[in-house]
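Protein chains: 2
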Amino acid sequence: MPELRKDPVTGRWVIISTDRQKRPNDFVFEHARLIGREHCPFCPGHEALTPPEILSYRQNGGPPNGPGWDIRVVPNKFPALQVEGGLDRMGEGMFDRMNGIGAHEVIIETPNHDRTLASMSEPEIERVLSAYRDRIVDLKQDRRLRHILIFKNHLAPAGATLEHTHSQLIALPIVPDFVREEVDGARRHFAEKERCVFCDIIRQELADGRRVVLENADIVAVAPYAPRFAFETWLLPKRHGARFEEAPRHEYESLARLLKSVLARMNRALESPAYNLIVHTAPFSDDVRDVFHWHIEVLPKLTKVAGFEWGTGFYINPTSPEEAARVLRNTKV
Amino acid sequence: MPELRKDPVTGRWVIISTDRQKRPNDFVFEHARLIGREHCPFCPGHEALTPPEILSYRQNGGPPNGPGWDIRVVPNKFPALQVEGGLDRMGEGMFDRMNGIGAHEVIIETPNHDRTLASMSEPEIERVLSAYRDRIVDLKQDRRLRHILIFKNHLAPAGATLEHTHSQLIALPIVPDFVREEVDGARRHFAEKERCVFCDIIRQELADGRRVVLENADIVAVAPYAPRFAFETWLLPKRHGARFEEAPRHEYESLARLLKSVLARMNRALESPAYNLIVHTAPFSDDVRDVFHWHIEVLPKLTKVAGFEWGTGFYINPTSPEEAARVLRNTKV
Numbered sequence: 001m002p003e004l005r006k007d008p009v010t011g012r013w014v015i016i017s018t019d020r021q022k023r024p025n026d027f028v029f030e031h032a033r034l035i036g037r038e039h040c041p042f043c044p045g046h047e048a049l050t051p052p053e054i055l056s057y058r059q060n061g062g063p064p065n066g067p068g069w070d071i072r073v074v075p076n077k078f079p080a081l082q083v084e085g086g087l088d089r090m091g092e093g094m095f096d097r098m099n100g101i102g103a104h105e106v107i108i109e110t111p112n113h114d115r116t117l118a119s120m121s122e123p124e125i126e127r128v129l130s131a132y133r134d135r136i137v138d139l140k141q142d143r144r145l146r147h148i149l150i151f152k153n154h155l156a157p158a159g160a161t162l163e164h165t166h167s168q169l170i171a172l173p174i175v176p177d178f179v180r181e182e183v184d185g186a187r188r189h190f191a192e193k194e195r196c197v198f199c200d201i202i203r204q205e206l207a208d209g210r211r212v213v214l215e216n217a218d219i220v221a222v223a224p225y226a227p228r229f230a231f232e233t234w235l236l237p238k239r240h241g242a243r244f245e246e247a248p249r250h251e252y253e254s255l256a257r258l259l260k261s262v263l264a265r266m267n268r269a270l271e272s273p274a275y276n277l278i279v280h281t282a283p284f285s286d287d288v289r290d291v292f293h294w295h296i297e298v299l300p301k302l303t304k305v306a307g308f309e310w311g312t313g314f315y316i317n318p319t320s321p322e323e324a325a326r327v328l329r330n331t332k333v
Numbered sequence: 001m002p003e004l005r006k007d008p009v010t011g012r013w014v015i016i017s018t019d020r021q022k023r024p025n026d027f028v029f030e031h032a033r034l035i036g037r038e039h040c041p042f043c044p045g046h047e048a049l050t051p052p053e054i055l056s057y058r059q060n061g062g063p064p065n066g067p068g069w070d071i072r073v074v075p076n077k078f079p080a081l082q083v084e085g086g087l088d089r090m091g092e093g094m095f096d097r098m099n100g101i102g103a104h105e106v107i108i109e110t111p112n113h114d115r116t117l118a119s120m121s122e123p124e125i126e127r128v129l130s131a132y133r134d135r136i137v138d139l140k141q142d143r144r145l146r147h148i149l150i151f152k153n154h155l156a157p158a159g160a161t162l163e164h165t166h167s168q169l170i171a172l173p174i175v176p177d178f179v180r181e182e183v184d185g186a187r188r189h190f191a192e193k194e195r196c197v198f199c200d201i202i203r204q205e206l207a208d209g210r211r212v213v214l215e216n217a218d219i220v221a222v223a224p225y226a227p228r229f230a231f232e233t234w235l236l237p238k239r240h241g242a243r244f245e246e247a248p249r250h251e252y253e254s255l256a257r258l259l260k261s262v263l264a265r266m267n268r269a270l271e272s273p274a275y276n277l278i279v280h281t282a283p284f285s286d287d288v289r290d291v292f293h294w295h296i297e298v299l300p301k302l303t304k305v306a307g308f309e310w311g312t313g314f315y316i317n318p319t320s321p322e323e324a325a326r327v328l329r330n331t332k333v
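Protein sequence lines correspond, in order, to chains A and B. Numbering follows this note's numbering, with no gaps: position 247 of the first sequence is 247. Numbering follows this note's numbering, with no gaps: position 274 of the second sequence is 274.
Mixed in with the good hints, there may be bad ones.
For identical chains, the list gives no copy identity; a pair is met inside one copy or between any two copies.
Stated by the list, open to error - Restricting the straight-line Cα-Cα distance to at most 27 angstroms, the calculated cross-link-like pairs of lysine-lysine (DSSO-like) are:
| # | residue 1 | residue 2 |
| --- | --- | --- |
| 1 | Lys6 | Lys77 |
| 2 | Lys304 | Lys260 |
| 3 | Lys6 | Lys238 |
| 4 | Lys238 | Lys140 |
| 5 | Lys193 | Lys304 |
These are computed hints drawn from the structure, not numbers from a lab.
Start from the sequences and build out the full structure, keeping to the hints where you can.
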């Protein structure tokens with residue numbers, strides 16, 4: 001059973017998930033190779049290599065757990081958290097722990113081993129966003145859970161272990177630190193000004209223009225003012241909304257279009273970089289309808305995070321967001 | 001001039017340091033190779049390849065900026081922060097910035113290109129710790145500075161760009177988030193119990209034993225209860241003390257001995273892993289004499305940090321600290 005443990009000094013939680021360590025004495029994880037086409041558990045015909053599917057989209061019909069799907073959601077074979085059981089919160093002397101209850105799922109974005117999110121069509125990308133939505137709506141019914149994180153690790157330097165393009169979902173029994181900080185920050189701004197901080201950012205960025213990468217009717221892509229990573233790009237809905245899963249369909253369409261363009265531009269300008277993509281949406285339990293503003297962050301991994309970042313929690317970025325936005329804006333795709 | 005910028009939502013600071021980007025359109029940093037022996041600016045005889053030295057230890061004499069040194073401290077050639085100038089704090093609409101004032105130095109730990117901290121002798125390691133101390137004591141006189149971070153990136157996966165073993169020092173005009181969280185957590189514990197949280201941890205760990213890696217008269221090495229990384233190891237002085245630079249000499253001796261043994265065991269058990277080493281010491285400005293407890297954290301980089309960690313600020317660790325401590329304790333060196 002995975003365990004959630006809390007650091008007694010900082011209050012930081014970690015997941016101790018020893019099931020993910022495949023062999024007892026295999027501690028050298030970094031050397032792990034990306035799983036390629038031959039042994040790909042995400043390719044059609046290999047459905048038996050994953051746990052049974054939770055959700056699939058099958059335009060052309062066909063029974064579950066066989067070929068014919070367009071999108072497939074399955075439990076992670078090496079889950080960091082486990083769905084069954086109680087939380088069993090307890091102390092160990094001065095330390096605090098609870099069981100690692102939660103969900104850990106994989107969204108297989110396409111049956112085609114050679115596609116990437118950037119090379120998929122706009123309707124295909126929109127379908128991925130719909131799958132995100134459907135899984136959030138379903139998992140919200142579990143009262144033990146407080147937050148869902150949807151993310152994507154693209155290529156090995158960003159932490160991917162499988163080639164075939166996919167996203168992951170982790171549903172947690174606690175609201176994680178970064179989400180808490182983001183929500184609290186937004187709440188402070190609202191308390192002071194009666195305005196959403198993200199709406200204020202969007203207004204200032206659209207008026208200023210220097211950090212705007214792209215926009216369409218519903219979504220704007222900006223290089224944030226204080227980016228942790230070179231070419232970090234946020235995609236925000238122009239209309240205020242706290243929850244990704246409650247966005248109207250036309251926002252997913254617009255988001256798919258802009259996301260494809262942003263990723264294609266990064267591929268062109270930055271030699272197809274590794275990146276993490278993270279969906280920021282409000283925690284379940286919080287009433288933050290006026291306060292929080294869902295968005296997507298794309299974090300290219302061009303530099304390595306090192307001792308300075310681990311020691312401080314802040315980042316040295318060698319590219320200004322004004323320069324990054326200018327480069328991406330001017331990249332032809 | 002590097003810039004410090006603050007994210008308006010989370011309050012997170014970043015350093016935008018475009019001088020570190022060597023060529024204007026060279027955004028693909030990740031491919032950078034480790035600089036090896038032929039072009040090593042840290043080898044004796046190549047002193048002219050670094051900025052002039054700030055400090056050197058020369059048992060056998062010899063003038064500055066020539067061979068004959070045992071340890072050499074120089075400014076970073078591509079500094080993330082700049083020593084000269086005022087802070088010029090200002091707003092840009094809703095955003096906040098200040099000039100990136102501070103120091104960024106490199107501690108070249110040995111003239112020998114082939115040594116590592118683990119293969120250096122105990123007196124040589126102690127000399128490195130003394131150089132850390134001397135630089136902190138000197139930089140503390142600059143009233144613009146609030147905190148000094150000393151860290152080491154060992155091997156490329158941990159962010160090293162040069163082979164020749166070295167540490168780095170960054171002195172900052174603000175107290176970084178992680179340091180602030182650690183100090184605030186320690187302060188809360190003290191306010192409640194009138195005891196140092198680290199002293200409490202040491203007492204509980206020594207009584208329990210499962211997470212103790214090694215100890216000697218002055219220092220204990222433990223796998224912390226809630227480690228972010230597999231085989232994360234903390235080295236703490238048994239005697240309470242808030243500041244690394246105020247430790248008595250015999251603690252540096254004991255620390256050098258234990259650090260060598262911990263690193264040698266990691267090399268044996270984990271195939272010479274990349275790691276970050278971070279000195280945790282109290283910020284200048286805070287009166288935290290009773291509250292904070294200096295220590296060193298060694299963070300092996302066996303797994304990649306991925307979207308989950310970037311999205312949550314918390315970590316999935318595939319190795320329990322009890323298992324990690326057992327393995328390191330039982331490794332023969």
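Cross-check of the supplied hints:
1. For a Cα distance limit of 27 angstroms, the shortest separation of Lys6 from Lys77 inside one copy, 25 angstroms, qualifies, whereas the shortest one across copies, 39 angstroms, does not.
2. Proximity of Lys304 and Lys260 under a CA criterion of 27 angstroms is satisfied in both settings, with 25 angstroms inside one chain copy and 26 angstroms between copies.
3. Taking identical chains as interchangeable, the C-alpha atoms of Lys6 and Lys238 lie at most 27 angstroms apart only when they sit on different chains, with a minimum of 22 angstroms there against 37 angstroms within one chain.
4. In this homomeric assembly, Lys238 and Lys140 come within 27 angstroms of each other (Cα to Cα) only inside a single copy, at 25 angstroms, whereas the closest approach across copies is 47 angstroms.
5. With identical chains, the CA atoms of Lys193 and Lys304 are never at most 27 angstroms apart, being 38 angstroms at best within one copy and 40 angstroms at best between copies.
Hint check: a violation occurs at hint 5 only; the rest are consistent with the structure.
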